[in-house]
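Peer 1: Chain by chain, the residues:
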Amino acid sequence: MDRRPHLILLIVAVASSTLAAPGARAQDQAEAAGGSAQAPQVVEPEVERRTVKPVTVPTENFEIGAFVGIASIENFGSNVVYGSRIAYHFTEDYFAEAIVGRTETGKTSYEFPPGATQLLTDGQRKLTYGDLSVGWNVLPGEVFLGRERAMPGALYVTSGVGITRFGGDDRFTASFGAGLRLLVSESLAVHVDARDRMFKTDLLGRSQVTHNLEFTISLTAFL
Amino acid sequence: MLAVAPADARAPIEVVVKDAYIDLHTGPGRSYPVTFAVERGVTIELLRQRTDWIEVRTARGQRGWVHRSQLENTLTPEGNEVHLSGTGPDARTGHKWEAGLAVGDDKEKDEWIADLT
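Protein sequence lines correspond, in order, to chains A and B. Quick note, my numbering runs 718 ahead of the 1-based positions in the first sequence. Quick note, my numbering runs 1025 ahead of the 1-based positions in the second sequence.
If you are wondering where the hints come from, they were derived from the structure by calculation, not from laboratory data. Worth double-checking, as some hints may not be accurate.
Straight-line alpha carbon distances no greater than 20 Å define the calculated SDA-like cross-link-like pairs of lysine to any residue that follow [as the list claims (entries may be wrong)]:
(1) B:Lys-1132 to A:Thr-928
(2) B:Lys-1132 to A:Gln-926
(3) B:Lys-1132 to A:Ile-881
(4) B:Lys-1132 to A:Val-879
(5) B:Lys-1132 to A:Leu-921
(6) A:Lys-918 to B:Asp-1131
(7) B:Lys-1043 to A:Thr-774
(8) A:Lys-918 to B:Asp-1130
Chain B side only, calculated, beta carbon under 7 Å to chain A, not exhaustive [claimed, not checked]:
(9) Tyr-1057
(10) Val-1059
(11) Gln-1074
(12) Trp-1137
Computed footprint of chain A on chain B, listed as stretches where at least three residues anywhere in the stretch have a Cβ under 8 Å from a Cβ of chain A [to be verified]:
(13) 1041 to 1053
(14) 1077 to 1086
For every residue, glycine included, the Cβ atom is placed at its ideal position computed from N, Cα and C.
Only chain B is shown next, with the shape it has when bound in the complex:
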């Protein structure tokens, strides 16, 4: 629901809230309380992202963490689509590698063994 207009990599990432409102949590997680709500049409700045949560700042200086789902599928002020990078399941469907670990007890040698694959 947001959009971005970064002229360069270090420019502030600003988007306009497109949902009816977004919830600003005190921390990057659903368990942290909501202290602000920002309504549609307000421009906010995207500061950082931890897992699926993005810290935002309003023009009035209010800060909080918003879930990615409330910020994607949005448009920039120019009408461009915005894709937020994510660490959720969707972002991992195209993975190229994975690791496995097997742990057991070797009775003959009387010691534990582990096998990394």
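Next up, chain A with everything else stripped away, as it sits in the complex:
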């Protein structure tokens, strides 16, 4: 007899948990809809079920393109540089960017005199780099070209790290840059960039950090 209160409590607990279960309510509604001969409910539930339809607007957060310009490799002259870039825009303010590029370097002043020792082979004079950067759109706004045309654009700064293959070696590279992005059409943008790629080299006899400036123009598409 001592167990009767416990039994009652158990029954109450089971009954309440069953009523609270979402499936139970759905079952009740299904039975009601089926016209089962149950006693009418005293309180009709007034829960309107809304269908959630996620809207998938096409996103264009990736920006892919190619660039060409001039790269000055310290002590090794200036030459045409070309490459490609891909960016992902996290927010209207910040983006990440991966860049690969290639240029051909010239001779140092040591190598010009007739009979002078050549520091690098032709293959070693090719310079290839790749880096990852984060960018910040510092000054977004419209840019006016003449009186009639205004284009959305942004002045941005970037900072990144990467690898430069030059002189038969891979060198860790840090880069800093700034650029202007202009949206020339719905999905196309033109960039003008300046970057400083810094890496250590001992090709000229002593280890030094070289600053290698690069000026490029890019055409990109938002995808």
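Once you've looked at the hints, dock chain B against the given chain A.
Peer 2: Chain B alone, transformed into the frame defined by chain A:
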């Protein structure tokens, strides 16, 4: 504040403005000037999304970029809720991976090193 009624993936995504009005910017950012305002009850089409900004087009052909905050929590003409996909902080709380980068100077080898995690 909008709602959508796409019958299929390629159908125009149309919603009805539910806020008192929405601002149409010339570009996908808060810094771009507002050139139009669209009032409540007007049907607009959602064209594309860049970060948190959605390009919309009105029936009269006016186009502009609206921030996501002015287009969510809205209802379709049928009364359905609308959830816009987003790239904001809310959308990234459930991320599954992340990467880190450490950069240093190796004095012994006299070279910079980087460590990707």
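Peer 1: Run every hint past the structure and note whether it holds.
Peer 2: Now the hints, each set against the structure:
1. B:Lys-1132 to A:Thr-928: Measuring from Cα to Cα gives roughly 17 Å; hence the hint holds.
2. B:Lys-1132 to A:Gln-926: holds, 13 Å
3. B:Lys-1132 to A:Ile-881: holds, 19 Å
4. B:Lys-1132 to A:Val-879: Holds: Lys-1132 (chain B) and Val-879 (chain A) sit about 19 Å apart, inside 20 Å.
5. B:Lys-1132 to A:Leu-921: Within the cut-off at roughly 18 Å; holds.
6. A:Lys-918 to B:Asp-1131: Between Lys-918 (chain A) and Asp-1131 (chain B) the Cα gap is close to 12 Å, so the pair holds against 20 Å.
7. B:Lys-1043 to A:Thr-774: Measuring from Cα to Cα gives roughly 19 Å; hence the hint holds.
8. A:Lys-918 to B:Asp-1130: Holds, at about 11 Å.
9. Tyr-1057: The hint holds - Tyr-1057 (chain B) has a Cβ within 7 Å of chain A, the shortest such distance being about 5 Å.
10. Val-1059: violated, 12 Å
11. Gln-1074: holds, 4 Å
12. Trp-1137: holds, 4 Å
13. 1041 to 1053: holds (count 3)
14. 1077 to 1086: holds (count 3)
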